[in-house]
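Visitor: Listed below are the residues making up each chain.
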Amino acid sequence: MSNHDSAPSFIHLRANDACAVLGVSRSPYAVRSLSPSTSTAFLAIVFFFGASGGRQVAAQAPSELSQAPSEPAPAPVAKVVQPPIPTNQSPVAYPAQAIGEKYFVATPVVLVLDIDAGGAVTAVEVEGEPGHGFAEEARTAAQALRFRPATRAGIAISSRIKYRYQFVPPPARLVGRILRRASDGPLDGAVVVITLGDGSTRETRTDARGDYLFEGLAPGPVRLRASAPSVQAVTAAEVLSYAEETRLILRAEDEPATTGKGMSGVTAVAGADIAEEVNVRGTKPPREVVKRTLGREEIAKIPGTNGDALRSVESLPGVSRPPPFRGELIVRGSAAEDTSVLIDGTPVPLVYHFGGLSSVVPTESIERLDFYPGNFSSVFGRGMGGVVDVGLRDPKADQVHALAQLDFIDLRLMVEGPIAKTGWKFLVAGRRSWFDLWLGPILAATSSGPTSTPRYYDYQMMVQKDFSRSSSFRATLFGSDDAFKISQSGTSSASTGGSLGIATNFWRAQAVYRNQLSDNAELKATAAGGTDTVNIGVGSEYVSTVEHPLSLRSELSYKFGTKVRANVGVDALYIPYDLTLRLPEQTGNGSQPNVPGARLVTATSAGTRIFGGVYTEWEIAPWRGARVVPGFRADSTSTTSQVDLSPRLNLRQQLFSGPHAFALKGAVGLFFQPPTAAESDAVYGQRNLRSKRAVHYDIGAEQQFTPAIRLTVDGYYKQMDRLVIAGHGNAGEGRAYGLETLLRYEGDGRLFGWIAYTLSRSERRDSSTVPWYPFEYDQTHILTILGSYQIGRGWRVGSRFRYVTGNTYSPTTTGAFDSTVGSTLGAVSAAQNSGRLPDFQQLDLRVDKVWAFKSWKFSMYLDVQNAYNRRADEGVSYNYDYTESAYTKGLTILPSLGFRGEF
Amino acid sequence: MAMTMSKTMTMSTFLRRFMYMTSNPATVGLVSLSVLLAAGCAADFQPASELDSVRILAARADAPYAAPGETVTLTTLAGDFRNGMTGSVSVSYFPGTCVNPTDDDATQCYAMLLAPFAADTDLTTALVSSDSFSFVVPADAITAHAPPHGGPAYGVVFAFMAACAGHIERIGINPAAPGEPPFACFDDQHTKLGADSFVFGFARIYVFDELRNANPVLLGVTLDGAALDETTAVTLARCTRAKLDDCPAHELDSSVDPAEADPVASAPGHPAVEQVWVSYFLTGGKVDNDVSILYDARAGKLTDTKDKLRAPLAAGDYTLWAIVRDSRGGAAWKGFSIQVP
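Same order as they appear, the protein sequences are chains A and B. Under the numbering used here, think of the first position of the first sequence as 1, with each following residue one higher. Under the numbering used here, think of the first position of the second sequence as 1001, with each following residue one higher.
Chain B extracted, bound-state conformation:
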């Protein structure tokens, strides 16, 4: 049984529910073992770390916290990892940005995003096909945002992107599920492709007058204690077991520059730093945990951040990505080649 937490119940949700309990304290028990049970009863799904479809893995802004009028450049890490398929993937940005949507909710941008495009039209030429995308933060991004209940004034800018193994068309907002992407990916026969061939996503950049954040610096990744080199493939013995879970474990670890684990605003008595975590992705084999926390918000640098990598069952050339993110929108990544003779 995978130890995964239901995505429908994030920690924010737990805390929010707690806040509602305090009014009628008799139900404080809601913050309860449900936290734990949610982490223990999920079904055995294929982990997010195993790559076998079209995926956007990350987008990095050169200025995760931007200033009004500043030019921000996004860089996307994406790919087509479908087994046995040769179609190239097109990574495209939607032109323009969405500034301060209602409730800071990205789905509230959909109507604006749809407006320039006609239905049943191949949008390939209308989109910006590139791994990177630059935009200028509007000068009024902060002043146009409703004043926050707490903390400094801010604005938020969304940039939308898609990776499609065909071409993109407008399909409109689904009234039965308004959060679904309003665009879809079609092949040459105008067959709508599924989630293994299409990812619609966005990047979110907060805008402040004063606050800034630098991207984390991924110093290195080690496998069984040896540093991996982005330019040299590492060789792993093929696993001869029947199941990946039974394969020998190789210790996988990542380190980031501690200077980027910045202190963050917190209440007296509750010191906090940026939370920093690493996500691993592989085209073969598996890691035991999709995510490892490197810096905890309250505990700081964690001493045990090792993950376990199981070598693929078949010989071949594989890729491992390590993507680190911080809790203020920063990201960095490195990719490594793995050869299994």
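Next comes chain A alone, as it looks inside the complex:
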């Protein structure tokens, strides 16, 4: 799709090359004519062309050059200047990334081109970062441009110009075929008339095969009427979308014998306002009623997250705020372990390095992040909270690209590109923390406590080949390694003393195959295997596990007729494991005494956990604007030896379409989660446990105010039971309910932002006969306001403000002194979680600056968390005998500076 505006909008003239602009030209002429002090004035000279792209040259005023103070007037040699003129076309296509993200907004991209005296483009700089792949597409296209060089007094000179590409969303296409119902043969020469949403009409005729085609259509509703002699007219209505091809096949009845055969005798068939076959090629709508997607550009620019992928999820509605570095995703009042995190469909054992420093997959390797806070598809099982599915991006195929980034925390490198003459493309990325190198000596010099600091690294390696437009294969190896070890003394209790070691490591080899088998069938399969290793030791106690998980996920989709798509899939997980531990013995009620010095028990065990799941899900469009998605999932779990059956239903009705689209939606579903390894462990767990269970309800609405502004409102209720209570089996219950609102702006790439507000309540109880108490992370109000604006010249500024109700805690007073180990026990309030920490509020700021050079780009950012240094109370700490308490302070103002170079 060619959507470009190739006319330069204005020009910077240059003496010879980029260095000349900076006053360090190698040109003797430039040295003579432009001293460093005059170069500033030179930069200010701008040649404007008409906004319509006219190519007249506005005469540059030599007098402006001569007005440079205290400099002799330059020789008047540059009286006639001709700007460079394009001699070829290098069209751009609307970025595939934007299409994939369903970002359909007319987007200008302004480039600054360096053109040498031969007319070749030597450097391309993109002003700002429009995101969604626009910059990359424009840059690639601009490098292929050729110019008749700029001249001064007839002499070719190098120049710098601004050049603008205008990206226009790909229009919709409507194609199809008109057949005779009786013979199923093509109807040649039929007149096909479509009426668009604005009332305009377009007309064409079918060819010998009965095919018709309309291109360049505006999105929105369309009505089609086909007529021909000897047949009854047929009509159909559809809704077109950007970048999608909608295919309508209609069958016309022969005219009754009593009917005249002229065109005037054609009448519409009653009830024929239904296409016989509808095939939409493009991005399918989500199966879920609530799916929130963040693109890579948005993730990278959200203030307060250091551009980290998973930390950006905390800015979305329905997500509670845990204390820093807890590494927990608290979704709609569920426990952290209830929410699954997947990388391209494969579950991973680690979300964050050290509980929140950064995600285990860097943002640069991510295409998108899909977040399902509840009522998720039957595709996902074994979880009753939410789902975060991180999608790795495809390697770039145009040329080799590289990236290096350094900030206070880590150093990351990435190389990607095509593998010559093979059709394959690759991506290799790695990251290692380095703050251990600079923070360790500081701690050693200033602290009497722990002086070691953690170290982590992660890596991603990928090769991919697109065998055709319909099939591709990708193999990925990714992993992570965290380690930390200290010998800690100086604590107030020996329970926390001794050596502390934490080492977590995982890797996955993953293969993903996709094949559009036919217009109606699609196959996706993901297989992965790897190893998870965890070694944690504190003083006398330790846990060591090694797991070798194998996972398989495959789905076959098939479209039946015009309105039904069936999806059938398998989702299996096989985990051999070895477990070694030494912990205080579990007490009779299934808990361990929270007492140092309690009797330690050593256990070694090995086994296999097997989770098998099959599901089916049907996407049905029974009438216009409606979408019904019933699903059913069956999971078998070796730890319970039971099969959990999970029916789910998602409904959506679009009442209005177009720029002010409005839709209602609702969902209900059953979700199961097997007991954890610890809960069902032979030594430390309980026997005969069943899977935990939750019923999710959701009802909501979506209102599009403008093409860029959308409001979504969701009310939810989550009923949980069979929660595992120590010593009491599946006696626990829970409930969570609330209202989520998200007002989101997705503009032209210069500005994005949203206001997210969640009103919620989450409660638990240990059995059906005891009172409810608030969940640990019950947060009544969660407000996030964020925005990021590109102000031009490579600058982008952003801010995020958060207000969150304080977490709960259980007040504790003085208990008995345990003289055997020398510490006082706390007497915890019987009213669990009856205390409430002060509310949290925080303002984060972020500034990005990008410099584009001839063949590479340099950028830096400053991300300031807690900009006005608001005190955050994250918990309650007590003195040695619980007679004094104080709030535990959270992060103070925390600036972070990062640098990145890439080409």
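Simulated from the structure, these hints should not be mistaken for laboratory data. Careful, some of the hints might be misleading.
[Said to hold, decoys possible] Cross-link-like lysine-lysine pairs, in silico, DSS-like; alpha carbons within 27 Å at most:
(1) B:1301 - A:889
(2) A:396 - A:889
(3) B:1334 - B:1308
(4) A:162 - A:396
(5) A:854 - A:162
(6) A:889 - B:1243
(7) B:1243 - B:1192
(8) A:485 - A:889
(9) B:1243 - A:485
(10) A:465 - A:102
(11) A:485 - B:1306
(12) A:396 - A:465
(13) A:485 - B:1308
(14) A:396 - A:421
(15) B:1286 - B:1334
[To be verified] Chain B is faced by these chain A residues, among others (derived, beta-carbon under 10 Å):
(16) 537
(17) 538
(18) 542
(19) 727
(20) 817
(21) 818
(22) 821
(23) 823
(24) 877
(25) 883
(26) 884
(27) 885
(28) 886
We put the CB at the ideal spot given by N, CA and C, even for glycine.
Position chain B relative to chain A; hints supplied.
Guide: Only chain B this time, still in chain A's reference frame:
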């Protein structure tokens, strides 16, 4: 900022949470920097090592791991360290013992402990006022205990004690906080005294058929490399700085008999010994760390176990206690006099 770990989050708690993570591995990250942050963000409380109230410092059983039918004698180290107060402290044991309470939880003994006593009654005469207390481990202490999920069969016996700067009365179990002591300390005007005047505690003795443990042997304590003598006061120059933290540091170190750092049961590839640590207590001045690890469970004897002692700001006679404990209930201590002219 004191580098102390929140008591509400012991390492056992961390490990327990980890175990729950393994079922949904996506949250393994819970074992995370929270371990470290918990050690770095606590408030600046008065350290446990600084003595200025009624305190029970330790109780030592002559048989930390006892056998059924064996007589066990407990000895208590306690005192009244309130500044400017002259009231003597009464250290008392509650008669009888509590064997195998529910969940091995000492607070589950409270109902049994309360039973013999009436409310609003001075219990002074009903308690055993002594620094030591002996009891016989019931013969069925092991068989009466529910079989453990792992490890050898065992029983557990609790003995309760209190140090009170007045007299003790029964107040019953507080339903709002069942872990609070069911007894309180009152003065002559029947005013309930606070935590600076009353400590309620217990000693826990595990009972095994075969396993035994000896108390650690505190060989000696050195100050600036010189061995301290329990019978001779050491003289330290008075610190003339405004704040204790700015006072010169004296190196304080303790050593124990390595023979008592016994190997303990562990998994193959995970050798372990008894963890042994020393706690320091002073009536003046301060130590930088309340606790120093001497033998790490996995690393064995640590090479750097020194602590730093800051001399008091005021002249006077002071006491330093070094109390060593092992991870199987053993304890030993020594006290030293410090003179600051």
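Visitor: Confirm or reject each hint.
Guide: Hint by hint, here is what the structure shows:
1. B:1301 - A:889: 35 Å, violated
2. A:396 - A:889: 44 Å, violated
3. B:1334 - B:1308: Answer holds: residue 1334 of chain B to residue 1308 of chain B is near 18 Å, not above 27 Å.
4. A:162 - A:396: Cα-Cα ~26 Å, so holds.
5. A:854 - A:162: Within the cut-off at roughly 14 Å; holds.
6. A:889 - B:1243: 24 Å, holds
7. B:1243 - B:1192: 34 Å, violated
8. A:485 - A:889: Holds, because 24 Å separates the two Cα atoms, which is no more than 27 Å.
9. B:1243 - A:485: Violated, at about 33 Å.
10. A:465 - A:102: It holds: about 24 Å lies between the C-alpha atoms, which stays within 27 Å.
11. A:485 - B:1306: The given pair, whose Cα atoms are some 20 Å apart, holds under the 27 Å limit.
12. A:396 - A:465: 11 Å, holds
13. A:485 - B:1308: 23 Å, holds
14. A:396 - A:421: Measuring from Cα to Cα gives roughly 15 Å; hence the hint holds.
15. B:1286 - B:1334: Roughly 17 Å separates the two Cα atoms, so the pair holds.
16. 537: Status holds, d = 6 Å.
17. 538: 4 Å, holds
18. 542: Status holds, d = 6 Å.
19. 727: 8 Å, holds
20. 817: 3 Å, holds
21. 818: 7 Å, holds
22. 821: 7 Å, holds
23. 823: 7 Å, holds
24. 877: This interface hint holds because 4 Å falls under the 10 Å limit.
25. 883: 5 Å, holds
26. 884: 6 Å, holds
27. 885: 8 Å, holds
28. 886: 3 Å, holds
Checked against the numbered hints given earlier, the structure breaks hints 1, 2, 7, 9 and satisfies all the rest.
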